[in-house]
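S.K.: Make the full structure from the sequences, and use the hints.
So you can see what is in the structure, the chains are spelled out below.
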Amino acid sequence: MSPSPVVEVVDLVKRYAGRTAVDGLSFRVEAGQVTAVLGPNGAGKTTTLETCEGYRRPDSGKVRVLGRDPQRDARELRARVGVMLQAGGVYPSVNAVEMLRHVASLYAHPLEVAGLVERLGLGATGRTPYRRLSGGQQQRLSLAMAVVGRPELVFLDEPTAGLDPQARRATWDLVEEMRRDGVTVVLSTHHMDEAERLADHVVVVDHGRVVAAGSPAELTADGAGGAGDRLRFTARPGLDLASLAAAVPAASRVEEVSPGRYAVHGRVDAHLLADVTAWCAARDVMPEGLSVGHRTLEDVFLELTGTELRS
Amino acid sequence: MSTAGEPSSFVPRPGAAPVQSMLLAQAALEVRMVLRNGEQLLLTLVVPALVLVVFGTVELMDLGGRSERMGYLVPGVLALAVISTAFTGLAIGTGFERRYGALKRLGSTPLPRGALLAAKGLAVLSVEALQVVLVCGLGITLGWEPQGSALGSSLAALVLILAGTAAFASLGLLMAGTLRAEATLAAANLVYLLLLISGGIAVPLDRFPDALRPALELLPAGALAEGLRAVLRDGAGLPLSALLVLAAWATGAGLLAARTFRWE
Numbered sequence: 001m002s003p004s005p006v007v008e009v010v011d012l013v014k015r016y017a018g019r020t021a022v023d024g025l026s027f028r029v030e031a032g033q034v035t036a037v038l039g040p041n042g043a044g045k046t047t048t049l050e051t052c053e054g055y056r057r058p059d060s061g062k063v064r065v066l067g068r069d070p071q072r073d074a075r076e077l078r079a080r081v082g083v084m085l086q087a088g089g090v091y092p093s094v095n096a097v098e099m100l101r102h103v104a105s106l107y108a109h110p111l112e113v114a115g116l117v118e119r120l121g122l123g124a125t126g127r128t129p130y131r132r133l134s135g136g137q138q139q140r141l142s143l144a145m146a147v148v149g150r151p152e153l154v155f156l157d158e159p160t161a162g163l164d165p166q167a168r169r170a171t172w173d174l175v176e177e178m179r180r181d182g183v184t185v186v187l188s189t190h191h192m193d194e195a196e197r198l199a200d201h202v203v204v205v206d207h208g209r210v211v212a213a214g215s216p217a218e219l220t221a222d223g224a225g226g227a228g229d230r231l232r233f234t235a236r237p238g239l240d241l242a243s244l245a246a247a248v249p250a251a252s253r254v255e256e257v258s259p260g261r262y263a264v265h266g267r268v269d270a271h272l273l274a275d276v277t278a279w280c281a282a283r284d285v286m287p288e289g290l291s292v293g294h295r296t297l298e299d300v301f302l303e304l305t306g307t308e309l310r311s
Numbered sequence: 001m002s003t004a005g006e007p008s009s010f011v012p013r014p015g016a017a018p019v020q021s022m023l024l025a026q027a028a029l030e031v032r033m034v035l036r037n038g039e040q041l042l043l044t045l046v047v048p049a050l051v052l053v054v055f056g057t058v059e060l061m062d063l064g065g066r067s068e069r070m071g072y073l074v075p076g077v078l079a080l081a082v083i084s085t086a087f088t089g090l091a092i093g094t095g096f097e098r099r100y101g102a103l104k105r106l107g108s109t110p111l112p113r114g115a116l117l118a119a120k121g122l123a124v125l126s127v128e129a130l131q132v133v134l135v136c137g138l139g140i141t142l143g144w145e146p147q148g149s150a151l152g153s154s155l156a157a158l159v160l161i162l163a164g165t166a167a168f169a170s171l172g173l174l175m176a177g178t179l180r181a182e183a184t185l186a187a188a189n190l191v192y193l194l195l196l197i198s199g200g201i202a203v204p205l206d207r208f209p210d211a212l213r214p215a216l217e218l219l220p221a222g223a224l225a226e227g228l229r230a231v232l233r234d235g236a237g238l239p240l241s242a243l244l245v246l247a248a249w250a251t252g253a254g255l256l257a258a259r260t261f262r263w264e
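Sequence order for the protein chains is A and B.
Counting in our numbering, the first sequence runs from 1 upward without gaps.
Counting in our numbering, the second sequence runs from 1 upward without gaps.
Simulated from the structure, these hints should not be mistaken for laboratory data.
Since the structure is predicted, the reported quantities are computational estimates derived from the model, not experimental observations.
Keep in mind that a hint or two might mislead.
Said to hold, decoys possible - Calculated cross-link-like contacts (lysine to aspartate or glutamate; reagent style EDC-like; alpha-carbon spacing at most 20 Å):
#, chain 1, residue 1, chain 2, residue 2
1, A, Lys62, A, Glu8
2, B, Lys104, A, Asp11
3, A, Lys62, A, Asp11
4, B, Lys104, A, Glu98
5, A, Lys62, A, Glu98
6, B, Lys104, A, Asp69
7, B, Lys104, B, Glu264
8, B, Lys104, A, Glu76
9, A, Lys62, A, Asp73
10, A, Lys62, A, Glu76
11, A, Lys62, A, Glu30
Unchecked claim - Chain B stretches covered by chain A per the calculated footprint, using a threshold of three residues with CB under 8 Å from any CB of chain A:
#, region
12, 20–31
13, 106–117
Note that CB positions come from ideal geometry on N, CA and C, so glycine has one too.
M.R.: In C-alpha cells, the structure reads:
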C-alpha cells in the first residue's frame with residue numbers, strides 16, 4: 001500500500017435539493033490498481049465519480065485526486081486524468097473518428113487514433129454522426145475518448161452498460177491492458193461479474209455510503225459477513241422451506257434468497273449435498289445451478305443491504 | 001507519438017497540447033459543424049440572400065428606386081446575417097451541445113473554457129465573412145452602390161459588425177446556457193423572425209408608430225441595422241449611439257450569461 005493514494009475520498013457528502021446522494025462516503029484508490037465502485041442504480045456512484053472528476057463541489061468532506069483538489073487544481077488534473085461519462089459527451093453531428101481525432105489533438109502525446117478505432121470496433125461507423133450511432137458504439141467511443149490522451153488515471157462510469165457480450169469482453173481486455181501498462185483505473189458498475197473479474201479493490205456502495213470494501217477475495221471469503229459455507233441452487237419459487245430445513249442437519253439454515261433462489265448455510269459437506277438432492281428428488285424438483293462454497297459479490301451485497309444489486 | 005514497437009501501449013504520458021493548437025483545432029471543428037448543418041446553413045446563408053433578392057426586386061414596399069432600395073436593404077440584410085449566425089445559429093448549436101453533454105465532456109479535457117469560447121467566436125466570424133461576401137456581392141449585382149470612402153466605411157462597418165456579433169452572441173449564449181435545447185430551438189427561431197419583421201431590417205423604422213420607434217432603436221437589431229445604414233448608405237463615420245447600444249447589450253447579456261450558463 002503506497003503512502004499517498006491516487007484518489008482519496010474522505011467523508012464525502014453531496015446533496016441535491018435536499019436529497020442526500022452521497023452520505024459520508026470514504027475510500028482510497030491505490031496506484032496502478034483497478035478499483036470498482038459497485039452498487040445499484042441511485043447508490044451515489046456517478047455523483048462520487050463526478051466529484052472526483054471536478055464536475056461537482058462536495059457539500060462537505062475531502063476529495064483528493066493525484067494529491068490535488070479536483071476543483072482548485074482542475075487545470076492540471078485535466079491533462080492527467082481521462083474521463084468516460086455515463087452518457088453523451090460528443091457533438092451530435094460529428095462522427096466517431098472525427099471526435100476521437102479532435103480529443104486526441106487536445107493532448108501532447110496522444111495514442112494513435114487509427115489503432116484505437118480498430119481495437120474498439122469503431123472503424124465501420126464511417127461518416128455516421130454520433131446521434132445515429134448505436135448505444136454500444138457511443139459507449140465505445142466514449143471509452144476511447146477517455147484513454148486517448150494517455151492519462152495516468154481514468155474514471156469510467158459504467159463502461160460496459162448496454163454493450164453486447166463481445167464488446168464487453170473487448171472493454172475488459174482494454175482495462176486489463178491499461179492496468180498492465182500502469183494506468184490507475186476507477187470504474188463504476190452494477191455488474192458483480194465485472195467487479196470480480198477486473199477489480200483489485202471493490203468499494204460496495206449503497207444509499208450514498210460504503211457498506212464494504214476490499215479485494216473480491218476478501219469480500220467473498222467465508223465468514224467475512226458472518227456467514228459460513230453455503231450451498232446454493234435455483235428452482236421454482238415457493239418450495240416448502242420448513243420441510244427442507246427438517247431434511248438437513250439442525251445446524252444448517254435454509255432460506256429463499258429471492259424468488260426461486262435458495263441457499264443452505266452451515267457446514268457444507270457431501271452429506272448435506274446428498275440430503276438436499278434427495279429432498280429435491282422426492283419432490284421432483286430439479287436443483288439448477290447447484291453450487292457449494294464461496295459466496296459471490298452478489299451474495300455479499302444481498303447480505304449487507306438486503307436488496308438485490310441488479311434490479 | 002506512441003512508444004516505438006508497441007503501438008497500442010497505454011503507458012501513461014499525460015500532457016496538454018499547446019493552447020493555440022487546441023484553439024485552432026476547436027475552431028476548425030466548430031466551423032465544420034456549422035457548415036455541415038443543412039438547416040442552419042439555410043437560415044444563415046439562404047434566408048438573408050432571399051430577403052435581399054425578394055425585397056430588392058419586388059415592389060412590396062415603397063423604398064424608392066432600385067439604387068435607393070438596395071442602399072436601404074443591404075445594411076439591413078447584413079444585420080440579419082449577423083443575427084442568424086451570432087444569435088440563432090450559435091444559440092441552437094450550443095443548446096444541443098449542452099444537451100448531448102459535449103460541453104460537459106470537453107470540460108474535462110485540457111481545452112480551457114476561454115479557448116472554447118474563442119473558438120466559437122472564430123467560427124461565428126468565419127461564417128459571417130462568408131455571409132458578408134455573399135450579401136455584398138449579391139447587392140452589387142442587384143445595383144447596390146455603397147457610399148462613403150471605401151476604407152473608412154469598411155472599417156466602420158467592421159467595428160459595428162464586431163460589436164453586433166458580441167451583443168447577439170452574448171444573447172444567444174444566455175439563452176442556450178439556461179433553457180432546454182428544444183426551448184432554445186423554438187425561441188431562437190421566433191426571435192429571429194420577430195427581428196426580421198420588426199427591427200429595421202427589412203421594414204424601415206419610420207413605418208412603425210412614433211411611440212414604438214425609440215424602443216426599437218434601442219434593440220440591438222435596430223441599432224446594428226441603422227448603424228450600418230448610416231455608414232454604408234449615408235456615408236457617415238462610425239455612429240457612436242448605435243455602437244453604444246450594441247456595447248451595452250454585449251456587456252449586460254455577457255455578464256448575465258457568464259453568471260447563469262450551465263455547462264450540462
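S.K.: Hint by hint, say whether it matches the structure.
M.R.: Hints, one by one, checked against the model:
The hinted pair formed by Lys62 of chain A and Glu8 of chain A meets the criterion: a straight-line CA distance of about 8 Å does not exceed 20 Å. Annotation: proposed proximity of Lys104 of chain B to Asp11 of chain A is violated, straight-line Cα distance about 26 Å (limit 20 Å). Proximity of Lys62 of chain A to Asp11 of chain A is assessed by CA-CA distance (about 7 Å); at most 20 Å being required, the pair is judged to hold. Proposed proximity of Lys104 of chain B and Glu98 of chain A is supported: the alpha carbons are some 18 Å apart, at most 20 Å.
For a cut-off of 20 Å, the pair hint linking Lys62 of chain A to Glu98 of chain A is broken: about 38 Å separates their Cα positions. Between Lys104 of chain B and Asp69 of chain A, the direct Cα distance comes to roughly 19 Å. Compliance with the 20 Å bound is thereby established for this hinted pair. Taking the CA atoms of Lys104 of chain B and Glu264 of chain B, the gap is near 6 Å; set against the 20 Å cutoff, the hint holds. Of the supplied pair hints, the one linking Lys104 of chain B and Glu76 of chain A holds, its CA atoms being roughly 17 Å apart against a limit of 20 Å.
Between Lys62 of chain A and Asp73 of chain A the CA atoms are separated by roughly 14 Å; this keeps the pair inside 20 Å, and the hint holds. Restraint check for Lys62 of chain A and Glu76 of chain A: the C-alpha separation of about 18 Å stays at or below 20 Å, so the hint holds. Between the alpha carbons of Lys62 of chain A and Glu30 of chain A the distance comes to roughly 17 Å, so the proposed pair stays at or under 20 Å and holds. Residue count for the region 20–31 of chain B with a Cβ under 8 Å from a Cβ of chain A: 5. That meets the three needed, and the coverage hint holds.
Given as covered by chain A, the region 106–117 of chain B passes the check, having 6 residues with a CB less than 8 Å from a CB of that chain where 3 are the minimum.
Of the numbered hints stated above, those contradicted by the structure are hints 2 and 5, listed in ascending order.
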